[in-house]
Every structure is written in structure tokens, then in C-alpha cells.
Amino acid sequence: GDYNTFIGELSGGGGTQTDDADHNVGVGYYALAALTQGTKNTAIGVGSLEDVTIGDNNTAIGFQALQDLGTAQSDDNVAIGYQAMSGAIGTEIVDDCVAIGSGALSGDLDSTDGADEASGTVAIGKSAFAALTIGAKSVAVGFEAGKAVVNAANGVYIGYQAGLANASGSNCTIVGALA
Numbered sequence: 004g005d006y007n008t009f010i011g012e013l014s015g016g017g018g019t020q021t022d023d024a025d026h027n028v029g030v031g032y033y034a035l036a037a038l039t040q041g042t043k044n045t046a047i048g049v050g051s052l053e054d055v056t057i058g059d060n061n062t063a064i065g066f067q068a069l070q071d072l073g074t075a076q077s078d079d080n081v082a083i084g085y086q087a088m089s090g091a092i093g094t095e096i097v098d099d100c101v102a103i104g105s106g107a108l109s110g111d112l113d114s115t116d117g118a119d120e121a122s123g124t125v126a127i128g129k130s131a132f133a134a135l136t137i138g139a140k141s142v143a144v145g146f147e148a149g150k151a152v153v154n155a156a157n158g159v160y161i162g163y164q165a166g167l168a169n170a171s172g173s174n175c176t177i178v179g180a181l182a
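Using my numbering, you'd call the opening residue of the sequence shown number 4 and step up by one each time.
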């Protein structure tokens with residue numbers, strides 16, 4: 004790849020990039036370690052974007068943020084915070100997500116049957132949507148908002164521990180502290 008900057012042991016994978024891996028920045032031990040073809044990715048922190056191979060336009064800041072984005076073409080994700088969006092995404096295609104906060108959106112995001120089951124999800128707050136696997140176009144804002152929710156397509160959780168007791172909640176809106 005061209006125009007890449009890697010700082011830290013095993014950052015950038017030690018030369019595994021193809022000519023298609025351009026304009027990437029990796030700072031920290033194992034940042035962008037598996038990169039082969041991805042472009043315009045920014046990884047700052049130990050293990051950030053560690054397993055991404057071909058994703059584009061992803062930004063990860065924090066220890067193990069977006070760690071297991073994986074081998075599928077997943078693009079335009081933002082993860083800021085300790086283990087934000089760090090779940091086992093693996094071979095899934097997950098695009099356009101935002102995770103801000105320690106452990107936010109850290110579940111094993113899924114699109115196993117080819118359906119887009121996790122893209123477009125926003126989680127802001129410590130452990131917001133921490134267990135989510137299926138929840139395309141859902142929003143959680145607040146400390147532990149939707150923390151235990153596993154399935155929440157088109158759901159909205161706003162407030163301190165909003166929806167904390169729910170394991171699912173598609174097409175619903177929950178607003179308020181402890182709601």
C-alpha cells in the first residue's frame with residue numbers, strides 16, 4: 004500500500020498490505036495488524052482495528068476499539084473508547100455504526116443470513132448496547148442504555164440505564180432514567 008503511517012510493534016501487519024491498502028494510519032501495538040486491502044482507516048490504540056483486512060473509512064480510537072471488525076468489507080464505522088465496538092464481527096458485513104464509550108456496542112454484531120442486521124446502529128455511553136447482536140438502525144444514548152438488549156432493530160433507548168432489563172425491543176422507544 005501507499006501513503007500509510009504505522010507506529011508500534013506489529014502495527015500495519017509488517018508489510019502484509021496489497022497495492023489496495025492506501026492512506027491508513029495505525030498507532031499502537033497491533034493496530035491494523037491484519038490489514039491487507041483496506042483504505043483510509045485510522046486506528047489509534049493497542050489492538051485497535053486489529054483484525055480488519057479489507058474495511059474502508061473506519062476510525063478506531065482506544066484500547067481494542069473495533070478490534071474484531073474482521074475479514075468482510077465493513078466500512079464507515081467509528082469506535083471511540085476502551086473496547087468500543089470490539090465484539091466478534093468476524094466475517095459479517097457491518098457498516099455505518101457509531102460507538103462512543105467504554106464497551107459501547109461491544110456485542111457480536113450479526114448479518115449471518117446476508118441481511119443487514121446491525122448496520123447503522125449508534126451507541127453512545129459506557130456499555131450502551133453492550134450485548135447487541137441484531138439491531139440495525141437502532142440508537143442507545145446514556146450510561147448502560149440498552150446494555151442487555153440482544154435484538155433491537157429500529158429501537159431507541161435514551162437515558163441512564165434505559166431499557167436495562169430488556170433483552171429485546173425492536174421498533175420501540177424507551178426514554179428516561181431507569182425506564
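Fair warning: there could be bad hints in the mix.
The calculated DSSO-like cross-link candidates involving lysine-lysine, where the alpha carbons are at most 30 Å apart (straight line), are [unchecked claim]:
no.	residue 1	residue 2
1	140	129
2	43	140
3	43	129
Hints in this document: simulated from the structure, not taken from any laboratory. Source: prediction; values computed, not measured.
For each hint, the structure was consulted:
1. 140 - 129: holds, 19 Å
2. 43 - 140: holds, 24 Å
3. 43 - 129: holds, 27 Å
Of the hints listed earlier, there is not a single one the structure fails to meet.
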